[in-house]
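A.B. asks: Below, each chain spelled out in residue letters.
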Amino acid sequence: MKILAVDDDGFILELLEGAMEAVGYPNIQTAGDAEIALGVISAATQPFECFLLDIQMPVIDGIELCSRIRAMPQYQKTPIIMLTAMSERGYIDRAFAAGATDYVTKPFDVLELGTRVKMAERLNAEIRQNAQSYRTLDSLTEKLIEDRRIDLDDLVDVRDVDGFLNYQAFENYVALLGRGSYYSSSLISLKIENIKIIHKYCTATEFEYAITDFAEAISDNLTMHSGFFTYAGNGIYVCVYNRVKDAISEEFALQVQDSIAQMNLVYNGGQKLEAIVRAGPIVNPGLFSKPGSTSVIEQAIKGLENVPHPEGATALPSLATDFGKRSKRWPRLAGIKRGI
Amino acid sequence: MALQAQSANLGPSPEQEFQKKVAEVGRRFSRSLPEQLVEMGALFTRIQEGREAADALAGIRGMAHKIRGIAPTLGFGDLGTAAARLEDTIFAFSTPDTDYGDMAQKFVRHYQALADEMSRAAS
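Keeping their order, the protein sequence lines are chains P and D. For the first sequence, this note's numbering assigns the number 88 to the initial residue and increments by one for each residue that follows. For the second sequence, this note's numbering assigns the number 32 to the initial residue and increments by one for each residue that follows.
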């Protein structure tokens, strides 16, 4: 795996090189600041597969560098592990918001760092596999695109939605809170109650857009709570927020549901797509687990089981026979070749 | 005998190589501390004299931050702790409702503690 480590401390760079070699990753390049790093990245003939970025660097800090790397099309999903001596929550939040995948606090433990990089390597393997699938898809017809299958429990990828983290990054974020402000955080799960119906009557692409639209609705209602959230499959979203700064309203699920309703989503053929949203109980990590544990995520999801199902969750769309045609909403579809 | 020969051929493990590297970097880090101490002292004097004090404070914070990040990995745990205390104290200057009189006293105390640890680690 090809790694780029960026830190303004030469001693740290030397240690990182040694540490990565010790855990089996000898292909590591280093840069002493963000500008040098950007030059190294643009000159690379083979793309980097993992970045290790110090946060506090002069001129361009690691968080800004992370954003710039993420803005490059070939690095939208490449693992970025932030390194810093600061475990203050604001830094962690900004790093994840900028697109970081993981976060390691200095002084780093070599074994821990090795484990994190190994996780990054696994993530890379998935990215390569998906990239291969997308390349294949590009060369196929619309029919094949429509035949692509997304299972109900798949972790659908959501992009460009404020506060959204992919599931792995979300787990890392929650685990890292254990070292900082774990006890001031709360988690809450939201379930799109009629997700099975939506999944059944959407194509794979449309289902992805629906999941993204629902994420946008959550983001709109969550940003005021300075939180992050993820999609856990099966129509379930999990949010984490700082309960000291903000409180989630008892009406959170209804607010999200209203936001979705205001989007006027429609299925193919124009039938209205309605989402029924149910919230689980608020989970306060301190009550259930030790800092560093991600079991609170499972706790938040499991909590949904004990909440009554709202009415209408199994209602079918009004004109179910006309599904399978073009949607008026979901403007992102315009970018996909659909003409036969 | 055969085992010894085999082990001799294998050479040091990656972990052993890394530990050698840590020791070597640690020696160089230790040798760099007197120079850092002089630089930090000059910044401290600027703060005392009110010459571009904010920049000088940021400079000390940056130095403490770097020491905090690397010293414990190199086996200088107390030095890392002293650097962390100083950095956190300077960081607190920027937070609202700070009692500056109290913070200034803390700053001087933690600055002195870090300088002492740097001298100790350099010797």
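Since the hints were made in silico from the structure, they are not lab data. Mixed in with the good hints, there may be bad ones.
Said to hold, decoys possible - Using C-beta positions, here's what the derived DEER-type ranges look like:
hint	chain 1	residue 1	chain 2	residue 2	range
1	D	E80	P	S336	49 to 55 Å
2	P	S129	D	A135	42 to 48 Å
3	D	A85	P	A131	25 to 31 Å
Stated by the list, open to error - Pairs of lysine-lysine, DSS-like flavour, derived with a Cα cap of 25 Å:
hint	chain 1	residue 1	chain 2	residue 2
4	P	K283	P	K389
5	P	K205	P	K89
6	P	K359	P	K389
7	D	K137	P	K89
8	D	K51	P	K205
9	D	K52	P	K389
10	P	K205	D	K52
Beta carbons are placed, not taken as given, at the ideal position from N, Cα and C, and that holds for glycine.
A.B. asks: For each hint, tell me whether it holds in the structure or not.
C.D. replies: Outcome of the hint check:
Between E80 (chain D) and S336 (chain P) the Cβ separation comes to about 53 Å, which falls inside the hinted range of 49 to 55 Å. The supplied range of 42 to 48 Å is met by S129 (chain P) and A135 (chain D), whose beta-carbon atoms lie about 46 Å from each other. Distance hint check: the CB atoms of A85 (chain D) and A131 (chain P) are about 38 Å apart, inconsistent with the given range 25 to 31 Å. This hinted pair checks out: K283 (chain P) and K389 (chain P) have alpha carbons roughly 18 Å apart, not beyond 25 Å.
For the hint pairing K205 (chain P) with K89 (chain P), the CA-to-CA distance comes to about 12 Å; that is within 25 Å, so the pair holds. With a C-alpha separation of about 30 Å, the suggested pairing of K359 (chain P) with K389 (chain P) is violated against the 25 Å cut-off. Annotation: proposed proximity of K137 (chain D) to K89 (chain P) is violated, straight-line Cα distance about 45 Å (limit 25 Å). A hinted pair counts as satisfied when its Cα atoms are at most 25 Å apart, and K51 (chain D) with K205 (chain P) qualifies at roughly 23 Å.
For the given pair, K52 (chain D) sits about 47 Å from K389 (chain P) by alpha-carbon distance, which is inconsistent with the 25 Å threshold. Taking the CA atoms of K205 (chain P) and K52 (chain D), the gap is near 22 Å; set against the 25 Å cutoff, the hint holds.
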